[in-house]
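Construct the complete structure from the given sequences, taking the supplied hints into account.
Protein chains in written order, with our numbering: chain A, 1 to 153; chain B, 154 to 511; chain C, 512 to 935.
In case anyone wonders, no lab produced these hints; they're calculated from the structure.
Every residue, glycine too, gets a C-beta built ideally from N, C-alpha and C.
Among the hints, a few may not be true.
Examples of chain A residues lying across from chain B (beta carbon under 10 Å, computed) [unchecked claim]:
#1 22
#2 24
#3 28
#4 30
#5 32
#6 34
#7 36
#8 38
#9 39
#10 40
#11 42
#12 43
#13 44
#14 51
#15 72
#16 149
Computed list of lysine-lysine pairs in DSSO-like fashion (alpha-carbon distance at most 30 Å, straight line) [unchecked claim]:
#17 C/824 x A/67
#18 C/614 x C/644
#19 B/421 x C/888
#20 C/830 x C/765
#21 C/824 x C/850
#22 C/930 x B/383
#23 C/905 x C/862
#24 A/57 x B/421
#25 C/930 x B/184
#26 A/67 x C/850
#27 B/382 x C/930
#28 A/57 x C/862
#29 C/930 x B/178
#30 A/67 x C/884
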Amino acid sequence: METQEHAAVQPGRRRLAQFILGGGFVATVVSFLYPVLRYLVPPMLPDLGGDEVVAAKVGDLKPNSYKIFRFGSRPGLLVYTADSEYRAMSATCTHLSCIVQYRGDLREVWCACHNGMYDLNGRNISGPPPRPLDAYQVHVRGDEIVVSRKREA
Amino acid sequence: MFNVIRKWLDERFGWEELMAPLRHKKVPLHKFSAWYFLGGMTLFLFGIQVVTGILLLLYYRPSANEAFESVQYIMTRVQFGWLIRSIHSWSANLMIFFAFAHMFSVAFLRAYRKPRELTWVSGILLLFLVLGFGFSGYLLPWNTLAFFATKVGTEITGQVPVVGHAMLVFLRGGEEVTGATLTRFFGFHVALLPGITTALLALHILLIQRLGMSAPPSVEAEWAASPEKKREMSFFPNFMLREMMAWYIALGILGALAAIAPWELGTKADPFAAAPAGIKPEWYFLFMFQTLKMIPAKVGFIDGEVLGVLLFGLGGLLWLLLPFFDRGERRSARWTMGALVFVVAYVVAMTVYGHVAK
Amino acid sequence: MWRNKQLTRALWLFLLAFFGAAFAAAQNAAQPNTCVDCHSAMDAPLKVTAEQFAQDVHAQKGLGCVSCHGGDATKDDPDEAMGKKAGFRGKIKRTDIPALCGKCHSDAAYMRQHNPSLRTDQLSQYQTSVHGKQLAKGDTNVAVCVDCHGVHDLRAPKDPRSPVYPANVPATCARCHADSNHMKAYKIPTDQFEKYKASAHYEALTVRGDLSAPNCATCHGNHGAAPPGVSTVQNVCSTCHVFQAQLFEASPHKAAFQAASMPGCITCHSNHKIVHTSDTMLGTAKGSVCTDCHSEGDNGYKAASEIALHLGKLDTSMKQADDLVSKAQDSGMEVSEAKTDLDQARDSLTKARVTIHSLDVARVKADVEAGLKTTEKAHEAGTAALQERDFRRKGLGLSLIAILIMLVGLAMYIRQIEKPQART
Chain A
1 METQEHAAVQ PGRRRLAQFI LGGGFVATVV SFLYPVLRYL VPPMLPDLGG
51 DEVVAAKVGD LKPNSYKIFR FGSRPGLLVY TADSEYRAMS ATCTHLSCIV
101 QYRGDLREVW CACHNGMYDL NGRNISGPPP RPLDAYQVHV RGDEIVVSRK
151 REA
Chain B
154 MFNVIRKWLD ERFGWEELMA PLRHKKVPLH KFSAWYFLGG MTLFLFGIQV
204 VTGILLLLYY RPSANEAFES VQYIMTRVQF GWLIRSIHSW SANLMIFFAF
254 AHMFSVAFLR AYRKPRELTW VSGILLLFLV LGFGFSGYLL PWNTLAFFAT
304 KVGTEITGQV PVVGHAMLVF LRGGEEVTGA TLTRFFGFHV ALLPGITTAL
354 LALHILLIQR LGMSAPPSVE AEWAASPEKK REMSFFPNFM LREMMAWYIA
404 LGILGALAAI APWELGTKAD PFAAAPAGIK PEWYFLFMFQ TLKMIPAKVG
454 FIDGEVLGVL LFGLGGLLWL LLPFFDRGER RSARWTMGAL VFVVAYVVAM
504 TVYGHVAK
Chain C
512 MWRNKQLTRA LWLFLLAFFG AAFAAAQNAA QPNTCVDCHS AMDAPLKVTA
562 EQFAQDVHAQ KGLGCVSCHG GDATKDDPDE AMGKKAGFRG KIKRTDIPAL
612 CGKCHSDAAY MRQHNPSLRT DQLSQYQTSV HGKQLAKGDT NVAVCVDCHG
662 VHDLRAPKDP RSPVYPANVP ATCARCHADS NHMKAYKIPT DQFEKYKASA
712 HYEALTVRGD LSAPNCATCH GNHGAAPPGV STVQNVCSTC HVFQAQLFEA
762 SPHKAAFQAA SMPGCITCHS NHKIVHTSDT MLGTAKGSVC TDCHSEGDNG
812 YKAASEIALH LGKLDTSMKQ ADDLVSKAQD SGMEVSEAKT DLDQARDSLT
862 KARVTIHSLD VARVKADVEA GLKTTEKAHE AGTAALQERD FRRKGLGLSL
912 IAILIMLVGL AMYIRQIEKP QART
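Take a look at the structure:
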């Protein structure tokens, strides 16, 4: 970098200025590079995106039982029916947002809050719920039970 | 050490010859010189956008199913993802602000006069591109506000007579705003617009280097009368060092904004939900939006919105061709100053009004 | 065109036909109705306008004035239209109204022609109701079909303007039951509607628009309206509040209430003024329902205070977690996962509040512990969010210091290269 007549300034001052400049430069470069380098390292948990999630492993559930799992930020319901079929749907009751459960004795999905009932397709069949539960698709991949949302347009 | 590198480059690229014009570049010093910083600031912020944008590309997913979740992922799981994303969003707004400020300062200082007409034209086109960046980028997080802002914005585009509907379908990738729109806007935002912008930017900067920095007419006249009063600064290194100071300050402000006022995530867009009440575009479109809202539904036999769109189109065209109207005579100078003051006042007033209106 | 005679003639013919048809159509499409012609110009209570009657569901099905009142709707002369020969019944006596409506509505074969899925037991139900029984004794003060359903502009119950649309039912019942003059002879309270208006059910029905929320008819019956009865009222509540009812059945209160002839759920929750429950109903402090019967020293008192203690713990823990997460969110942190945990914690609290109906302290404790685990998670998430916020601010501070040093260095360097005079 060409400088003009810097020799006229006292060498001590010059060195100080260069020291501060150099030090500041290094400090700022480090404070910018550090976050960028950490950013480039992928996190431990590669999210599968909003599309699908591993709800359980094969063998986790006995027939005619259920599990609540997390789908994004909302709860989901995974049912392993007595006929060894997996069903999954949103677990947020469409009446007042309580978390529903599967009743093995009734073979239906039930909401404890006001006795709302849904069938295994999520359709609201009795009680206060005004709308069905969103149904999800279930695939078994190896030993993982993967629940996915329906594709949007 | 630098000298060694310089010598190496010079022996292979003719480095000194290439850099010579830069060394001789002078910046006029007068009471309006502070405005000269604005162009470089806009360029710097654009650079920030490119870097943070590329970093975001490593994690962002441009499909309706995953876009929102991927941005949420960046904000919550990726190390310093919140920093990169918030800087990108804040810097976008700052860049648009500085682009407008740079444009208005150039207009007020009449720097578009001959021989710099093409610099002005390329600059206005760059401004349109920057607004395009803002509009396309805004949709990418796929949240409720963005979805409906895009819906309204493309709806207005459809009001242009004759070609409006074709433009709407082209922008939306269909009749409605869907995942196809998102993918298309993503393509615009990361490929099409950057490509065109790079070319125009190269032209713009090349022209500036070739034609040198302009001084406003009053200063030019003063210096013509008394040449000893003329004051200049070398661009390299003096002005550039000052610009670097400004850029560092901008970096500090961006960091502070990202840490203290991070850009919010919003809620995931639901195409079937009703639009939230009082939906408004981002501030840089507010003056047009508010104007359109204020035009009555029908003006004579023309639909109000169509009239508004046409008027803004005409206004944009006139603005683009401003140097060809202002030939430098006193009368046109007064007209231009009057028009400028009116435009700035109108834009500011409408933006403020649009912001406070319900 | 005026020169062409044939065309002109055709045009006139067309115009005539058009206006003729329009004129005919304007005259009530189905059949002429001389009743309305006169009665639309009369004053109340004889006034029935064509617009009014057009809204009536019976009119829309093709039934007219003569279907209920007899007479002849084609005759202009009042003596002929309303003569004995025409079978005119005049104003129907109140005591005859249910039977008149029932003539069609209890006839399953007839109703099948119009709406096969409509019930046909309304009349028989009505005859079991207090209204029906009183009417049979000759009391015309009580409600008959037209009082609730309307008449002449009778709308289907699913029409929001019908007086028996679920959200309108309370106001319809209150027309009589809240009128102390009207109810003087019956010695029953007239404050039910006022009390019901303060209830959570009324709020759900009118504010939230939840049509599944109970109105008067839900618990009392509509056609067979009668009070449920002290020993059976909890069957009514348990149709929706199943869990609470099951727990109550298994609890010591069931036998105790029955022995004291106390009306189950109503004892603590009231029948009409069923307000939103709160934790202040529990425990031994002022405002608790437990101390209505229990006093210091007995087992119930002990259980009440323990249950209240446990619930209070969970409630406090949840509020603390909620505060933390909100604070983090206000500082701009992304807390959607912490909020999910909070939702689950809220669910646990709701469950614990239901479990208290078992009066089983251990059971409540178990639910509370489960809930506390979730609130702890939410609490941790909130704390972590706030820590992250502090970390960001510290990082910002450091980088700003670095930038400041850089700025100072730059300024000094600029000064040096531009002011070449030596300084001491």
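Structure-based check of all given hints:
| no. | hint | in the structure |
| --- | --- | --- |
| 1 | 22 | violated (12 Å) |
| 2 | 24 | holds (9 Å) |
| 3 | 28 | holds (7 Å) |
| 4 | 30 | violated (13 Å) |
| 5 | 32 | holds (8 Å) |
| 6 | 34 | holds (8 Å) |
| 7 | 36 | holds (7 Å) |
| 8 | 38 | holds (4 Å) |
| 9 | 39 | holds (5 Å) |
| 10 | 40 | holds (7 Å) |
| 11 | 42 | holds (8 Å) |
| 12 | 43 | holds (5 Å) |
| 13 | 44 | holds (9 Å) |
| 14 | 51 | holds (5 Å) |
| 15 | 72 | holds (7 Å) |
| 16 | 149 | holds (7 Å) |
| 17 | C/824 x A/67 | holds (28 Å) |
| 18 | C/614 x C/644 | holds (19 Å) |
| 19 | B/421 x C/888 | holds (25 Å) |
| 20 | C/830 x C/765 | violated (33 Å) |
| 21 | C/824 x C/850 | holds (20 Å) |
| 22 | C/930 x B/383 | holds (19 Å) |
| 23 | C/905 x C/862 | violated (42 Å) |
| 24 | A/57 x B/421 | holds (29 Å) |
| 25 | C/930 x B/184 | holds (21 Å) |
| 26 | A/67 x C/850 | holds (20 Å) |
| 27 | B/382 x C/930 | holds (20 Å) |
| 28 | A/57 x C/862 | holds (28 Å) |
| 29 | C/930 x B/178 | holds (20 Å) |
| 30 | A/67 x C/884 | holds (18 Å) |
Hints 1, 4, 20, 23 from the earlier list are contradicted by this structure; the remaining hints agree with it.
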